[in-house]
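Sequences listed follow chains A and B, in order. Position one of the first sequence corresponds to residue 119 (the numbering used here), numbered consecutively onward. Position one of the second sequence corresponds to residue 114 (the numbering used here), numbered consecutively onward.
Check before you lean on any hint, since a few could be wrong.
To be verified - Think about it this way: if two alpha-carbon atoms lie no more than 16 Å apart in a straight line, the pair counts; the simulated EDC-like pairs of lysine to aspartate or glutamate are:
{"#": "1", "chain 1": "B", "residue 1": "230", "chain 2": "A", "residue 2": "165"}
{"#": "2", "chain 1": "B", "residue 1": "199", "chain 2": "B", "residue 2": "185"}
{"#": "3", "chain 1": "B", "residue 1": "190", "chain 2": "B", "residue 2": "251"}
{"#": "4", "chain 1": "B", "residue 1": "230", "chain 2": "A", "residue 2": "346"}
{"#": "5", "chain 1": "A", "residue 1": "121", "chain 2": "A", "residue 2": "214"}
{"#": "6", "chain 1": "B", "residue 1": "247", "chain 2": "B", "residue 2": "218"}
{"#": "7", "chain 1": "A", "residue 1": "121", "chain 2": "A", "residue 2": "234"}
{"#": "8", "chain 1": "A", "residue 1": "120", "chain 2": "A", "residue 2": "234"}
{"#": "9", "chain 1": "B", "residue 1": "259", "chain 2": "A", "residue 2": "310"}
{"#": "10", "chain 1": "B", "residue 1": "199", "chain 2": "B", "residue 2": "218"}
{"#": "11", "chain 1": "A", "residue 1": "277", "chain 2": "B", "residue 2": "258"}
{"#": "12", "chain 1": "B", "residue 1": "190", "chain 2": "B", "residue 2": "263"}
{"#": "13", "chain 1": "A", "residue 1": "121", "chain 2": "A", "residue 2": "231"}
{"#": "14", "chain 1": "B", "residue 1": "259", "chain 2": "A", "residue 2": "309"}
{"#": "15", "chain 1": "B", "residue 1": "225", "chain 2": "B", "residue 2": "251"}
{"#": "16", "chain 1": "A", "residue 1": "198", "chain 2": "B", "residue 2": "218"}
{"#": "17", "chain 1": "B", "residue 1": "199", "chain 2": "B", "residue 2": "186"}
{"#": "18", "chain 1": "B", "residue 1": "255", "chain 2": "A", "residue 2": "129"}
{"#": "19", "chain 1": "B", "residue 1": "219", "chain 2": "B", "residue 2": "187"}
{"#": "20", "chain 1": "B", "residue 1": "255", "chain 2": "A", "residue 2": "231"}
{"#": "21", "chain 1": "B", "residue 1": "190", "chain 2": "B", "residue 2": "180"}
{"#": "22", "chain 1": "A", "residue 1": "358", "chain 2": "A", "residue 2": "304"}
{"#": "23", "chain 1": "A", "residue 1": "260", "chain 2": "A", "residue 2": "146"}
{"#": "24", "chain 1": "B", "residue 1": "199", "chain 2": "B", "residue 2": "263"}
{"#": "25", "chain 1": "A", "residue 1": "356", "chain 2": "A", "residue 2": "303"}
{"#": "26", "chain 1": "B", "residue 1": "211", "chain 2": "B", "residue 2": "131"}
{"#": "27", "chain 1": "B", "residue 1": "253", "chain 2": "A", "residue 2": "310"}
Note that these hints are calculated values from the structure, not bench results. Quantities reported herein were computed from a predicted structural model and do not represent experimental measurements.
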Amino acid sequence: MKKKDLISITDYSKEDYLHILDLAADFEKNPNQRLLEGKVVASLFFEPSTRTRLSFETAINRLGGRIIGFSDAGSSSVSKGETLHDTIRMVSNYVDLIVMRHHLEGSARYAAEVADVPVINAGDGANQHPTQTLLDMYSILKTQGTLDNINIFMIGDLKYGRTVHSLLMALSEFVNPIFNFIAPEELAMPEEYKLFLKEKGIRFFEHTEINENINHADIIYMTRVQKERFMDPIEYEKVKNVYILRNNMLNDTKSNMRILHPLPRINEIHPDVDKNEKAYYFTQAKNGVYTRQAIIAHILNLK
Amino acid sequence: MSDSLKKKLKLKVSAINDGTVIDHIPSENLFKVISILGLEKVKSQITFGFNFESEKMGSKAIIKVSDVFFEDDEINKISLIARNAKLNIIRDYEVVEKRVVEVPDKVIGIVKCFNPKCITNNEEITTYFNVISKNPLDLKCKYCEKITHEHQMVIK
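The task is simple: from the sequences and hints, build the whole structure.
Below, the structure is given as structure tokens:
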């Protein structure tokens, strides 16, 4: 049987999404299911990421699996100059599943070709981060009761923010979504995604400031302007403080509206929002563990 | 001077008995075409000519390969750098078939991904693109998923 990988969100169909979201709900009810008993999972973080790594490792532990790996390339043979190819070939002999993050784009797709065991992409540079998208979808489903007819406002770095691109692609599979993009010109949603929406006949609107428009939102998806994505530090300084969400902007927003953020946040959501019941980002991170349990179970055909 | 002599003089390159003539190659890409087709390894007689005058192209190159006939897959690789190349298949000094090159649906090797952060530019990996537009040429990298546009194309 062909092995299943998860490299890019578009590798999966709507049926796959729904199966994983179903499983996630099941793991939320009953998080400790020892489906990975006797199995070993490699957690290869060539680039450090505290949140994603801990979330995956918690998911694996709750499933009763064992973990080998490293949390930054400095403590691996990569620092001796070993190629990605050789590292993956070697590790693939030891384990039942590989979870990897790497700063180079396309590294996960390549690793999946080299490895005999399934590979889950936990982020490859600015390219893809599909497990984040699935946990975002799970959070939307949980808070809205559906993934259809969602009016979503994406705010911040829409140019380099891989999470917004993947979420856009995934939500486009559902009925009648409406997208609203709020970003400075330098960080606007790339043409290719707008073209994709136009071709599918999906409505989208572009705004340059956060104003009363957000009162129509079911979901506000905030993103961080990431310093490391900029070649020129002056460009970063120009845009880093442009869009900040504050509690007093939320007074007239819909009661079902929830605020998501892939985290970590810097200053784009003011701390005074945290106590608002519409702030959902910390629960969203918690949902990540259930979703990753579900993804592992789906990929290894455990459920 | 007879017409046939004029024609022969105009040809400038000697005729071949059996084989393939690739015409209308942009002069500046002749050596890339040779490399893509692996002609340096061919044992039979080959004639190259370049900087020939061409009404359509200004300057063109031509390759005559004796006793070699190319499969479509093979010859279509050169379409990326010789868009208007034409093939004449020669049998017994006669042109028995004329073919044009076509941009394939997938481009494997040959082109570099324009994205410096792509894994293919950082490790020894054969590039692989899906052709998402043939004119102008847009190539989507299977690995980093970025699109290399025609004006960004660099031949490996």
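Verification of the hints:
1. B:230 x A:165: Judged against 16 Å, a Cα distance of about 14 Å means the pair holds.
2. B:199 x B:185: 12 Å, holds
3. B:190 x B:251: Holds: residue 190 of chain B and residue 251 of chain B sit about 15 Å apart, inside 16 Å.
4. B:230 x A:346: Cα-Cα ~13 Å, so holds.
5. A:121 x A:214: 11 Å, holds
6. B:247 x B:218: 9 Å, holds
7. A:121 x A:234: Cα-Cα ~8 Å, so holds.
8. A:120 x A:234: 10 Å, holds
9. B:259 x A:310: 11 Å, holds
10. B:199 x B:218: Roughly 19 Å between the alpha carbons, so the hint for residue 199 of chain B and residue 218 of chain B is violated.
11. A:277 x B:258: 15 Å, holds
12. B:190 x B:263: 15 Å, holds
13. A:121 x A:231: 10 Å, holds
14. B:259 x A:309: Holds. Residue 259 of chain B to residue 309 of chain A sits at ~13 Å (cutoff 16 Å).
15. B:225 x B:251: 13 Å, holds
16. A:198 x B:218: Not satisfied, since the Cα-Cα distance of roughly 39 Å exceeds 16 Å.
17. B:199 x B:186: 15 Å, holds
18. B:255 x A:129: 12 Å, holds
19. B:219 x B:187: 12 Å, holds
20. B:255 x A:231: Distance of about 11 Å is within 16 Å: holds.
21. B:190 x B:180: Violated, at roughly 20 Å.
22. A:358 x A:304: Between residue 358 of chain A and residue 304 of chain A the Cα gap is close to 11 Å, so the pair holds against 16 Å.
23. A:260 x A:146: 11 Å, holds
24. B:199 x B:263: Violated. Residue 199 of chain B to residue 263 of chain B sits at ~21 Å, over the 16 Å cutoff.
25. A:356 x A:303: 11 Å, holds
26. B:211 x B:131: 14 Å, holds
27. B:253 x A:310: Roughly 12 Å between the alpha carbons, so the hint for residue 253 of chain B and residue 310 of chain A holds.
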